[in-house]
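A.B. asks: Input sequences plus hints: build the corresponding full structure.
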Amino acid sequence: MNNRRDFIKRAALGTAAMSIIPSKAFSNTSELKQLTILHTNDMHSHIHPFESGRNKGVGGMAQRSTIIKKIRDEGNQVLLLDAGDIFQGTPYFNTYGGELELKLMSEMGYDASTIGNHDFDNGLDGLVNQLPHAKFPFIVSNYDFSNTNMHDKYLKYKVFNKGGIKVGVFGIGIELDGLVPKNLYGNTLYQNPIEKANYYSNYLKVSLGCDLVICLSHLGFKYNTKKISDKVLACQTNNIDLIIGGHTHTFLNEPVIVRNMDKKNVQIAQVGWAGINIGRIDYFFNQKSCVKKVRGGSIFIKSK
Amino acid sequence: MKLRLHIIYIVAILLSACSTQLVIKSKQNSIVSVSASPDSLITSIIEPYKIGIDSVMNEVLCVSEIEMTKGRPESLLGNFVTDLCLDQYSYLADICIMNNGGLRSTLPQGEITRGKIYELMPFENELVILELNTLELFDLIEYIFVREGEPFSGLSVYSIDSCMVLSSRDILYRQGDDILISVPVIASSCGGEEEVYIVSEIEETYKIRVLTSDYLANGGDKMSFFNNKNQLKVGLKIRDAIINYCKSEQTISSKLDGRITKYQNE
Numbered sequence: 000m001n002n003r004r005d006f007i008k009r010a011a012l013g014t015a016a017m018s019i020i021p022s023k024a025f026s027n028t029s030e031l032k033q034l035t036i037l038h039t040n041d042m043h044s045h046i047h048p049f050e051s052g053r054n055k056g057v058g059g060m061a062q063r064s065t066i067i068k069k070i071r072d073e074g075n076q077v078l079l080l081d082a083g084d085i086f087q088g089t090p091y092f093n094t095y096g097g098e099l100e101l102k103l104m105s106e107m108g109y110d111a112s113t114i115g116n117h118d119f120d121n122g123l124d125g126l127v128n129q130l131p132h133a134k135f136p137f138i139v140s141n142y143d144f145s146n147t148n149m150h151d152k153y154l155k156y157k158v159f160n161k162g163g164i165k166v167g168v169f170g171i172g173i174e175l176d177g178l179v180p181k182n183l184y185g186n187t188l189y190q191n192p193i194e195k196a197n198y199y200s201n202y203l204k205v206s207l208g209c210d211l212v213i214c215l216s217h218l219g220f221k222y223n224t225k226k227i228s229d230k231v232l233a234c235q236t237n238n239i240d241l242i243i244g245g246h247t248h249t250f251l252n253e254p255v256i257v258r259n260m261d262k263k264n265v266q267i268a269q270v271g272w273a274g275i276n277i278g279r280i281d282y283f284f285n286q287k288s289c290v291k292k293v294r295g296g297s298i299f300i301k302s303k
Numbered sequence: 000m001k002l003r004l005h006i007i008y009i010v011a012i013l014l015s016a017c018s019t020q021l022v023i024k025s026k027q028n029s030i031v032s033v034s035a036s037p038d039s040l041i042t043s044i045i046e047p048y049k050i051g052i053d054s055v056m057n058e059v060l061c062v063s064e065i066e067m068t069k070g071r072p073e074s075l076l077g078n079f080v081t082d083l084c085l086d087q088y089s090y091l092a093d094i095c096i097m098n099n100g101g102l103r104s105t106l107p108q109g110e111i112t113r114g115k116i117y118e119l120m121p122f123e124n125e126l127v128i129l130e131l132n133t134l135e136l137f138d139l140i141e142y143i144f145v146r147e148g149e150p151f152s153g154l155s156v157y158s159i160d161s162c163m164v165l166s167s168r169d170i171l172y173r174q175g176d177d178i179l180i181s182v183p184v185i186a187s188s189c190g191g192e193e194e195v196y197i198v199s200e201i202e203e204t205y206k207i208r209v210l211t212s213d214y215l216a217n218g219g220d221k222m223s224f225f226n227n228k229n230q231l232k233v234g235l236k237i238r239d240a241i242i243n244y245c246k247s248e249q250t251i252s253s254k255l256d257g258r259i260t261k262y263q264n265e
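Sequence lines, in order, name chains A and B. In terms of numbering that gives the first Met the number 0, the first sequence opens at residue 0 and continues consecutively. In terms of numbering that gives the first Met the number 0, the second sequence opens at residue 0 and continues consecutively.
Do not rely on the hints blindly, as some may be mistaken.
To be verified - No farther apart than 16 Å at their CA atoms in a straight line, the calculated lysine to aspartate or glutamate pairs in the EDC-like style are these:
1. B:LYS254 - B:ASP82
2. A:LYS161 - A:ASP110
3. A:LYS226 - B:ASP220
4. A:LYS181 - B:GLU123
5. A:LYS155 - A:GLU106
6. A:LYS102 - B:ASP220
7. B:LYS221 - A:GLU98
8. B:LYS49 - A:ASP110
9. A:LYS181 - B:ASP213
10. A:LYS292 - A:GLU30
11. A:LYS181 - B:ASP220
12. B:LYS221 - A:ASP176
13. A:LYS181 - A:ASP143
14. A:LYS134 - A:ASP176
15. A:LYS291 - A:ASP124
16. B:LYS246 - B:GLU58
17. B:LYS49 - A:GLU98
18. A:LYS55 - B:GLU66
Don't read these hints as lab results, they were simulated from the structure.
C.D. replies: Quick look at the structure:
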């Protein structure tokens, strides 16, 4: 509760700064190429801003779209990503099964999403039937869908070329047993997140020579138990630059930095849930496509 | 209040595969609040879907006297949902348990629409009844304590240091076909099931009928005491149980009643 109150307070303070993130703070970055990563997680079918309660007037997909367009208008390369649990949470999902959520994300130009546990809530068929509405791929590297009707409808990874910057994206899903009823996930096989993350991050960074490797994760930010989380994943891998997380609905104002196995820094980002915030991380690359600067933050969306 | 706009940078020099990398933190601006107008293109895509939703979901079912939120160890919302479910099936079940994580939103004070109940309980989960013996009931109570509270109804539990004590003031047992009698099961458990102490022998044979969701009964949230138990489906979704209750009452409310308490000996 305290965290949330603190978060709202800080958000309110931030209102005074009118621009989305002031660019004058980086006046000496003109010779660097900028890539802006925008991210959401756990939107849970929240189409409209909240109508009541402490979040009244906050969030909303039409409002988010306006902000995304403004950021695109800045003229930098943009990668727009989601970390899963698009589905379930309002009557829009009960009534239309996720169709509207995917249509709107496509219209906003989402580049990719991973699959959250609630994206199985209408079963594998419920997910597969909605996929034609998404003009972006679902990326997950540690679910084996070979023996399901999802087998040819997802990617293990994808490389994006953003103005000459090679960005490798892979996805990590949470263990389904005990979380999702078996009849909903069917023959989906959950595979070890650390093994798969190491395999795909090495492949993307070393074999394919990606300049930036991003993991879309639905593991959750951290746990008090031994349960695998984004923090654990960051520590036990060696080629991930950024983890865009979800599941635990954790509000991080800016990415948290964790050292990986090679003592290199991994950024972990997550922006709560329901589209209340959109995360923004700016990477600045030099002519050799090396990251020279990183700046991360979060945008709290209010209705006008 | 005057906001100081000077920006503090914390610059960390980091090693990367490429070369030196700076992580820039601007303390004042890591979170910014932006007021945005709706994108009219997005609104126009939403509109036909919204019309279909509104016609059904804007129906006012009842009025809530208070705002109800979820939480641990007990909560207004958790007590509300488990109490109303158990009330509807008190002739079939002794206690009810749900999961805090399964309550997906807050119920506001004031008018409660059908849509609000969908947001509270979006899942299609159904109510089922399973029978536990006394030892398994202790596993359930231990689970509640380990999780630092989950919504439940029909019993009071308290712990003293590491001991758990069950007071059954609310448990009714059925004997024969239609006679309900109250049997006090007073038992305690300290540090592990092998030490479970049951006051009288006869009580060990009692079956406690637990109303819960099919999600939890089928292994959701690892409630292992439900493993391999026969399930009686009552034929009602949890959401519909809440909707039925709201429609039958003009106003709804809830209170915290200390059904779960932790005492610590000094």
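A.B. asks: Each hint needs a verdict: does it hold in this structure or not?
C.D. replies: Against the structure, the hints:
no.: 1; hint: B:LYS254 - B:ASP82; result: holds (11 Å)
no.: 2; hint: A:LYS161 - A:ASP110; result: holds (11 Å)
no.: 3; hint: A:LYS226 - B:ASP220; result: holds (13 Å)
no.: 4; hint: A:LYS181 - B:GLU123; result: holds (15 Å)
no.: 5; hint: A:LYS155 - A:GLU106; result: violated (24 Å)
no.: 6; hint: A:LYS102 - B:ASP220; result: violated (32 Å)
no.: 7; hint: B:LYS221 - A:GLU98; result: violated (31 Å)
no.: 8; hint: B:LYS49 - A:ASP110; result: violated (26 Å)
no.: 9; hint: A:LYS181 - B:ASP213; result: holds (12 Å)
no.: 10; hint: A:LYS292 - A:GLU30; result: holds (12 Å)
no.: 11; hint: A:LYS181 - B:ASP220; result: holds (13 Å)
no.: 12; hint: B:LYS221 - A:ASP176; result: holds (9 Å)
no.: 13; hint: A:LYS181 - A:ASP143; result: holds (15 Å)
no.: 14; hint: A:LYS134 - A:ASP176; result: violated (29 Å)
no.: 15; hint: A:LYS291 - A:ASP124; result: violated (44 Å)
no.: 16; hint: B:LYS246 - B:GLU58; result: holds (10 Å)
no.: 17; hint: B:LYS49 - A:GLU98; result: holds (13 Å)
no.: 18; hint: A:LYS55 - B:GLU66; result: holds (14 Å)
The structure shown violates the earlier hints numbered 5, 6, 7, 8, 14, 15.
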